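Visitor: Here is how the chains run, residue by residue.
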Amino acid sequence: MAAVLLHDLIRDSRVLELGPLPAPRLPPEATLHQALQFLVRGRRGAIVVVDPELRPIGILTERDVLHRSGSDDLTRERRRKIRLEAVMSKPPVCIERRATLHQAIETMNRNRHRHLVVVDGEGRLRGLLTTNDLTQFLTDQYPQQVINLPPRLHQQFRRPDGA
Amino acid sequence: MECPSCGEDNIQGEDLCASCGMDLAGLDVRSRELSREDPLLARKIDELPLKKALTVAPTTSVGEAARLMREHHEGCVFVVTEGEGLVGVFTERDLASRVLVRDRSLDETTVAEVMTRDPYTLRGEDRVVFALHRMGVDGYRHLPILDAEGKIIGILTMRTVLAALASA
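For the record, the sequence lines run as chains A and B.
Its first residue numbered 191, the first sequence is counted upward by one per residue in this note's numbering.
Its first residue numbered 173, the second sequence is counted upward by one per residue in this note's numbering.
Chain B with its partners taken away, still in its complex shape (with noise of 0.2 angstroms):
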């Protein structure tokens, strides 16, 4: 039985990881299949490539903030501050949604004001089936993957796990 966390093969029945710990009870057949079949999706997310992350500080307009995504040809940029990290995402779509539609002005609005916080986000070391499944189930375009210290090292995009899985 292969630990779903940290790769671990654990004898069958076990209902601990014996390496991280992991509660494996209720984890079928199936599973095992999962992870031995499908290589690709046990993958650690920091084996795909990552693109270069985009960061403003909260107080960036939001025409700034566009600005510098057309420049970079990115759809999102991570808000970040020095104490805290990322504190949010602001996206084209809100950009359309939140901004345009409501009339807001592009300079006088700050990203802060807009943004979505609190991203979600996952390590390099996570496996890309985490992703694929955060992506599918609530619709994030760009996850952006940490390291250790909580830095953003770069981001996950779905074109990018999605050509990895047609390509292998």
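In isolation and in its complexed conformation, chain A is listed as follows (with noise of 0.2 angstroms):
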């Protein structure tokens, strides 16, 4: 692929081009704690919340969860009664799935978000955007062989599975 600029990239490419965006998704009635294990298992860092037309009506991310993890809303009883409904960050940020990734991070940055709910015209849900689908469609874009290069000499490359 010849070199562009990434700005024109971001500029240019639209959601819909990123290929499948996996949204984990889960009607209001469940529980606190199917939504957790779904989280978890997702590892999409949110699941979206959805009526039975697919529209989205809520979000839980691991923010939500980090900010409710000093009530006692997750009390280990609590949360296996309480419905996702009450503890869902409502109304979700949603971006139609034409909008440019330069308005995606616009969206972002203004809401101060990792994750947009993608939707089609009719507002129905297509996918989840988060930021790591970003940074790694940027990645891909790039000749492998500049950018896997240490960024100094002799440094080790040490590989542990967060952060």
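Calculated from the structure, these hints are not laboratory results.
Keep in mind that the hints are not guaranteed to be accurate.
Calculated lysine-lysine pairs in the BS3-like style (CA-CA distance at most 30 angstroms, straight line) [claimed, not checked]:
id: 1; chain 1: B; residue 1: LYS323; chain 2: B; residue 2: LYS223
id: 2; chain 1: B; residue 1: LYS224; chain 2: B; residue 2: LYS323
id: 3; chain 1: B; residue 1: LYS224; chain 2: A; residue 2: LYS280
id: 4; chain 1: B; residue 1: LYS216; chain 2: B; residue 2: LYS323
id: 5; chain 1: A; residue 1: LYS280; chain 2: B; residue 2: LYS223
If you're wondering where the values come from, they're calculated on a predicted model, not measured in any experiment.
Build the complex from these two chains, which are given one at a time in their own frames, with help from the hints.
Guide: Laid out in structure tokens, this is it:
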């Protein structure tokens, strides 16, 4: 692929060009306990709460869980009873799938979010866009041999699974 | 041929960088275009706004670490010791996946038990391109940035990198 400026790529590419953006989803009646398991298993950092027509009505992110962790909502017994709709953030911040990556990044920064719910023209759920999807897409556009060089001589790469 | 490590402008076809000795063999024309055309990726990490890193001791309870993160609106804390410096990172993802889902106690679990050890780090003088790459390949959302002595000078987040790329 010819070298392009990242800046142009961000302005010209659309969210739908990123390929599948899996969105773990649950109905509002699900328990917080189920939601936590979905959240962890999905490895997307958030789950989308949808109505029967697949319209997003809320979102539960790892950050929401962190903020609830100081309250009683997350005690072992309580999280098996409490419903997702009582703890989700609403309304979710959405982006139309034909929006550009630039619009997506701007929307994320304006709202200080790492996740955007992707919807089609009818407002139905089409995916979940994360900051990780964006960095992965941008990294894929660059010649690997350049980027794979260590930033300094003799540096060893360590590979933990987190952060 | 610009060295991707130190930025030295070497004679085309050189095998080793005249300034830092980095192996330049195999870097084709495309790489030269990349560093010239994309000034942002050639920028140093410490030119971007870094966030202040929250640090805790390994014996800190998960509940206390979570309280600190809530208070400062941060998604992670770095675990440091007097002797070794940075030894681990504990994130909001770890809170959900290693503590809550496994029904562990917030007060009786220490961060040392559930942290990710030896997090990947970069230095302030490293280039933004390496941060973007590690984030894109490994999914790191927060990279601790160190000074020459190995002390944390701040954290670089994915959102900061994306914001810088989008606003360039």
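Visitor: Hint by hint, note whether the structure agrees.
Guide: So, going through the hints one by one against the coordinates:
Between B:LYS323 and B:LYS223 the CA atoms are separated by roughly 14 angstroms; this keeps the pair inside 30 angstroms, and the hint holds. The hinted pair formed by B:LYS224 and B:LYS323 meets the criterion: a straight-line CA distance of about 12 angstroms does not exceed 30 angstroms. For the proposed pair B:LYS224 and A:LYS280, the alpha carbon gap of about 29 angstroms is at most 30 angstroms, so the pair holds. Between B:LYS216 and B:LYS323, the direct Cα distance comes to roughly 17 angstroms. Compliance with the 30 angstroms bound is thereby established for this hinted pair.
Taking the CA atoms of A:LYS280 and B:LYS223, the gap is about 27 angstroms. The hint holds against a cut of 30 angstroms.
Consistency with the previously given hints is maintained throughout, with no hint failing.
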